[in-house]
Amino acid sequence: MTRLFCAALVVCLFGSATPALAHAPIMGIGGVFGGVIHAMLVPEHGLTLLALGLVLGRQKQDARRSGMLIFAALLTCGLVAAALIGEETVAADLLLVATGALGLLIAAAWTPPRLVLGLAALAGLMFALDSKPDGTSAVESTRMLIGSGLGAALALAAVAEGAVYLRGHALLIAARVAGSWIAAIGIMVLSLRIVTRMTIG
Amino acid sequence: MRLRTNALGLLAIAVPLVLAAVTTPALAHSENGVAIDFWGGFTHPIFGPDHVIAMVAVGLWGAFLGAPAIWTLPVVFPLVMAVGGALGVAGLPLPGVETGIAVSAIMLGGMVAFAAKPPLWIAAVLVGAFAIFHGHAHGAELPVGADAVAFSMGFVVATGTLHLGGITFGGLSHWPAGSIAVRVAGGVISLLGFAYLGKIL
Chain A
1 MTRLFCAALV VCLFGSATPA LAHAPIMGIG GVFGGVIHAM LVPEHGLTLL ALGLVLGRQK
61 QDARRSGMLI FAALLTCGLV AAALIGEETV AADLLLVATG ALGLLIAAAW TPPRLVLGLA
121 ALAGLMFALD SKPDGTSAVE STRMLIGSGL GAALALAAVA EGAVYLRGHA LLIAARVAGS
181 WIAAIGIMVL SLRIVTRMTI G
Chain B
202 MRLRTNALGL LAIAVPLVLA AVTTPALAHS ENGVAIDFWG GFTHPIFGPD HVIAMVAVGL
262 WGAFLGAPAI WTLPVVFPLV MAVGGALGVA GLPLPGVETG IAVSAIMLGG MVAFAAKPPL
322 WIAAVLVGAF AIFHGHAHGA ELPVGADAVA FSMGFVVATG TLHLGGITFG GLSHWPAGSI
382 AVRVAGGVIS LLGFAYLGKI L
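Keeping their order, the protein sequence lines are chains A and B.
Residue 1 is where the first sequence starts when you use the numbering used here, and the numbers rise one by one after that.
Residue 202 is where the second sequence starts when you use the numbering used here, and the numbers rise one by one after that.
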């Protein structure tokens, strides 16, 4: 019960997100803590962590922890790459693809372990590549990327371990409805971005 | 004890989804004055009464059909609606959108009014087919140029909330008098659909 409370609290906190702050340092908050906040306050990042956490929560303990480890490993690789790459990537779009696919898996209540591991890897890598803050010094950027990695890994662990307790019939239905919402949001935002890019450039 | 755990688990899913969106400030407006934030997305379907009655009818019919339709229909609708929305965003023409929306209210309301209980797959296909029209209408009006994560979250959450309203009211169908009330509501929705089809409203 206490663990469920803690999981719900953590999910609520990272869910209390303010949009349109992606890639911009939050006023007055920088460094590692700023990165942690950044990882949790960008809506699409929060959606990704929620979706992946819900899927991993449906896995057996070994598979769940493997998924978290793969996410963390690819997240680390991606953060190193993000620190070195200065140009824009399609990471945000691919992150939405991964999030939408995870939402579909939740809605279908079909979570094959290998596919989940693949999506966890994709989500980890793209999450990191999409976390590079704009307009900051290299040192500050590195600090924030470290914070983003820590925040993402901790939030994912909290959601995934909390989702283990979603066992009742009503909770599983609620999770499937949430999954359909996440997938729908992913499809709509991705289509809007693609059209915007084609229209505006 | 189990009931309380279920309730907490439900909160663990619902609260972050709502909070993630509710805390969004109004940061931008589209050229036509539509707020590109959570509330802009949330109010978008709600300010279209023809959409509202159809969404409520989906919930009513799901509740009337009972499990698993009570959750299958609200899962199918946003997923297919998002595909329709993507078509609308992309500017792909879909003939008879407004007619399709009016017919959706007529058909879905009529299903409830006449207590129709087709197989689940037929109900899902019917609801999905109508969801294309609703999604297309919304997608065509989405403000291009915005990073619409919060907007889409509001949009999807509003749709789900309307379904939930229908399901809640449809729950009355467990009692004889309530069943009559639900069927009457379905009839009213169907009549309103005819009014929209005939451009009376």
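A couple of the hints might just be wrong.
[As the list claims (entries may be wrong)] What follows is a set of in silico ranges between Cβ atoms, one per label pair, in the way DEER data are often shown: (1) LEU293/B - ILE200/A: 16 to 22 Å; (2) ASP62/A - VAL385/B: 51 to 57 Å; (3) ASP93/A - PRO269/B: 31 to 37 Å; (4) ILE85/A - ALA396/B: 38 to 44 Å.
[Claimed, not checked] Partial pick of chain A residues on the chain B-facing surface, computed with a CB cut under 10 Å: (5) ALA63; (6) VAL177; (7) LEU192.
Rather than coming from a laboratory, the hints here were simulated on the basis of the structure.
The C-beta atom is built at its ideal place from N, Cα and C for all residues, glycine as well.
Against the structure, the hints come out as follows:
1. LEU293/B - ILE200/A: 16 to 22 Å: 19 Å, holds
2. ASP62/A - VAL385/B: 51 to 57 Å: Because 54 Å falls inside the window, the suggested range holds.
3. ASP93/A - PRO269/B: 31 to 37 Å: With Cβ atoms ~34 Å apart, the hint holds.
4. ILE85/A - ALA396/B: 38 to 44 Å: 57 Å, violated
5. ALA63: With Cβ-Cβ at 21 Å, over 10 Å, it is violated.
6. VAL177: 6 Å, holds
7. LEU192: OK, holds: LEU192/A within 10 Å of chain B, min 5 Å.
Hints 4 and 5 from the earlier list are contradicted by this structure; the remaining hints agree with it.
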